[in-house]
Amino acid sequence: MRGYESIVNIRDKSASEVSKADTAKPTRREAIGRLAGALGVLGAAAAGGRLLWDRGGYDVAASNDSRQVRDYRLAERDAVHAELAIARAAPKELGDDSPGPSATPEQLVRRAVEAMGTMAKFVSRGDIVVVKPNIGWDRMPIHAANSNPDVVAAVIKLAFEAGAKKVIVADGSCNDPNRCFQRSGIWRAAYDVGAEVVLPQEHRFRTMRLKGDVLDEWPVFTTLVDADKVINVPIAKHHNLAKFTAAMKNWYGVLGGRRNRLHQNIDTSIADLATFMRPTLVVMDAWRVLVRNGPQGGNIDDARDMHTVVASVDQVAADAFGCTLIGQKPENLPYLAMGEKRGLGTMRWETLRVRQV
Amino acid sequence: MTQPHGHEHAGVSLAGSVRALGPVETHADVEPIPWKTGRVGRVPAIDRQTWGESSQEGGKTGSFAGGGPTEASARASDPSTSLPVFPSSCSSENRAVSAAAVSASASAAAAASPSKRASRLPGSGIPPRRIAVILKWARRVCQVGFLALFLYFLFQTGFRGSFAARADAPVRLPLPVEAFLLADPFVAAMTVLSTHTVYRGLLWSVGLLALTMVFGRVFCGWICPFGTLHHFFGWLSPSKHGRGAARVEANKTHSYQRAKYYLLYAFLVAGVAGSAIGGLFDPICIAVRSIGLGVIPGLQYLSHRALGAAQDVHSRGVQTAADHTQDFLAQTVWQSKQFYFHQTWFIVFLLVAVLFANRFIPRFWCRVLCPLGAFLGVFSRFALFGMTKDHAKCTDCNLCLVHCQGADSPQGGVKWRQDECHMCMNCENACPEDVIKFTFLPNRRSTVVAPDTQRRTALAAVGAGALFLPAARVADALDVNYHPKVIRPPGAVEERAFLERCIRCAECMKVCPNNALHPAFFEAGVEGLWTPILIARIGYCEYSCVLCGQVCPTGAIQKISEKEKMGQGQAPIKIGTAFYDHGRCLPWSMQTPCIVCEEFCPTSPKAIWVEEVDATVRDSKPGQDGAPPAYKTVHLQRPHVDPSLCVGCGACEKVCPVQDQPAVYITSVGETRSKTNVILLENTNYNQKS
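Line order of the protein sequences matches chains B and A.
Each residue of the first sequence is one higher than the one before, counting from 505 in the working numbering.
Each residue of the second sequence is one higher than the one before, counting from 1271 in the working numbering.
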């Protein structure tokens, strides 16, 4: 090592050889420089400590964000078009040889939306539209646990025809998303008409404060809430706990985290969700309806063909009408009353402008 | 190349020359051949470093002194040799360089010779044959290609849905992701010995065996992805103590290389006894297990943290870029959700330890521990392709040893070990004296073809392998004290047969889309180490999924169809039964509505049914004016399990909101694969009609 050598050299040198440079004290400049350096380091440490001071407290405290609401409704409803449109194809009677339904799902969707004022009323040119179907379960279309892929594809087509720049299809599935998206048929149907299909992934969820009665801080699927217009495309079906699930409960798909806790107060949570998400349009799929053992089903006999599509601007009214399809009464569903009380809509769907097409 | 050998041995006294050479560098494990001649080292010295020493030892090899200059000049003027052109200067110098004097340090000096004319080429500077260079590059391309293929298959071992598939298409993996395991002859041998059958794709391993019997251990040098990793780490990171002379020393054949043969014998005999425990040491299994369960999820975790931090940057561009990167990685390398695996810290630790050993002993795993390498080494005795050495020309420069992968004694003066050589071609490419040549049907006089194991140790290994199974079985894990949490994948065969087949390759754990399967520790006994068990708290078995059976290479999990699993037209496959803990269940003990378990139960009709009750619950807030809390009635749905319908998928346990210790949990009893681990009278195999 060089330094060591120099020390040794100094020792080996005779007194006359040792130069002044080896033994002289540092100059004033050098000394001040060293002092300044030491003080600088101490000062930086002190400043750093001040900046990074641990203020204590628990990390679990909720953030101070303001309350989040996503309201995609149109500014005002017109006085001409329907507020609730019911499109039906002649249902195939059981046991006889009558021909199949008189219309395809796409035709029913077009009829219903036209009665509402055509999609152009809801979707403007250049909009980014989110179509949110129910892709919750690892079931095939025949089990009627997810939205009908033809209905979803028809809504996407209508959105593109109305000038949407991009249509995104997503949902936060209960079972493995890959299986749900594929086996429901919605992935393929949406891809074929040009929509962008997004699977739920952890990095697409962001914690938000919903500040509802039971829902406060939850991870939210940001893809579904960052859009210009949101169209809710649920399937009407039986639900063993909530009794019926369609438009309002479909927003479970935007939540991440452990949703299984919501069942302890399911009606209030549904109302909170419907307060958070207010869609531009609801297109409820009742082509094939699960009437028993919902929401998952699994037995083909649990589902019945009804060949109906319902469109509405009022998600509470859509649910109120939809529950009658499985033989329920709106008064039996507490979340409908809660929704009406909060001003999200009306459960007396007959009071709206209803059109049957 | 023709060499003027004939006249070199004429009139030479061999015994005298060997004695006169001084201490010859020997190894206890390497046999010096008796006809090693004193010609070794008598080539014209090109490297000037050794001239100083050799002039002092010039008188040692006295019997050759007279013949030296003339022969050297004869060789120098022989147009068939390709020495650098300065024969006059060589012949005029003293060329007596003894073998013992030229040690490894001289080889380094030879490589760094100060001579300007010979500075680029060491030794005599004879370049390798073109075919050797081509083979070396072909080997490198093959190594990279097979490693890439292996990693690609590993990335594809998982279900990522497709926009192109129809809704009713059965969910299958398009690629044969377990191909490397199917081609593994050690796995095939183990399972043939334990089950007396060959399972489907394992027949491909015969192809690899045939390849070995023609070319030797080319699998180790050219194909094995685990070996390539070791090769890479050995090249990359020799420590200060692992370089130069120490590396040459490490690359010589050592007795510890016998260990892999003993391991092989022990594992094969354990296979005969009925345990596929050798899978713990199979290199492909280790690669799949450690990379698939440890490295890939670990990298995913790391990148999730890093890219997640990028999401917080207040710039739309950065956020979108991070989003797209995560999407891309989720589509190509890992899955869209983070996978966690039981005790991977241990598995990865072993991987890192074994890779780290390459710093000191290159290809430590391949030489010392690999039973597949040992298996191929045993069969390489039939190889048609092998090495011949012209020992007379070897100058002991040890350049062949610097990059020798197999530690198979490529240097002159000792016998080549055919059972250890990886056919990497590094030695022939490095040798500057044209000593080494790989050819078909080589002369075997200086080759050791069979593994050099000691009989007693081999017998001890066989004994250990044979005793392993009874020792493990008498420990109580299998026959009597069967652990309730040993829940095997659907389609698994009965437990004893399962332990005969499961090679712990972890393909099923990697492919499971719900991250439900995990390597067991000792729940299934010591025999069951790292076999798959289902941990429902982490993931449940998706009802319509049969992917684990599709990728199992040995049939420990059979290839079942969705119909067989879900029980369409036949009884469904059950892997266990669900049980309620009433003290923890919300409707049962806390009068709070829930039934998420019933919602997620996938069977039809559901195995969980609810009983509607009206129960009394006490309010949480005190009454008016400080009165105690009032009592009220709530309507509840209380869940029950029907054990004849429950398939034990674990969905209920996974979604139970009492998530630290779920109020409903599955245990293995009631599984259809076992005749004894059942509850109900009607559900045993004995009662099935067909």
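These aren't lab readings, by the way, just hints derived from the structure by calculation.
A couple of the hints might just be wrong.
[Claimed, not checked] Think about it this way: if two alpha-carbon atoms lie no more than 20 Å apart in a straight line, the pair counts; the simulated EDC-like pairs of lysine to aspartate or glutamate are:
id : chain 1 : residue 1 : chain 2 : residue 2
1  : A       : K1902     : A       : D1912
2  : A       : K1833     : B       : E700
3  : B       : K670      : A       : D1889
4  : A       : K1707     : A       : D1660
5  : A       : K1891     : B       : D717
6  : B       : K661      : B       : E700
Structure-based check of all given hints:
A threshold of 20 Å between alpha carbons decides the hint, and for K1902(A) with D1912(A) the separation of about 31 Å lies outside it, so the pair is violated. Straight-line distance between C-alpha atoms of K1833(A) and E700(B) comes to about 33 Å, which puts the hinted pair past the 20 Å bound. Taken as a hint, the K670(B) and D1889(A) pair is broken in the structure, with Cα atoms around 51 Å apart against an allowance of 20 Å. This hinted pair checks out: K1707(A) and D1660(A) have alpha carbons roughly 8 Å apart, not beyond 20 Å.
With a CA separation close to 17 Å, the supplied pair K1891(A) and D717(B) stays within the 20 Å bound. Among the hinted pairs, K661(B) with E700(B) is consistent with the structure: their alpha-carbon atoms are about 12 Å apart, no more than 20 Å.
In terms of the numbered hints stated before, the structure departs from hints 1, 2, 3, listed from lowest to highest.
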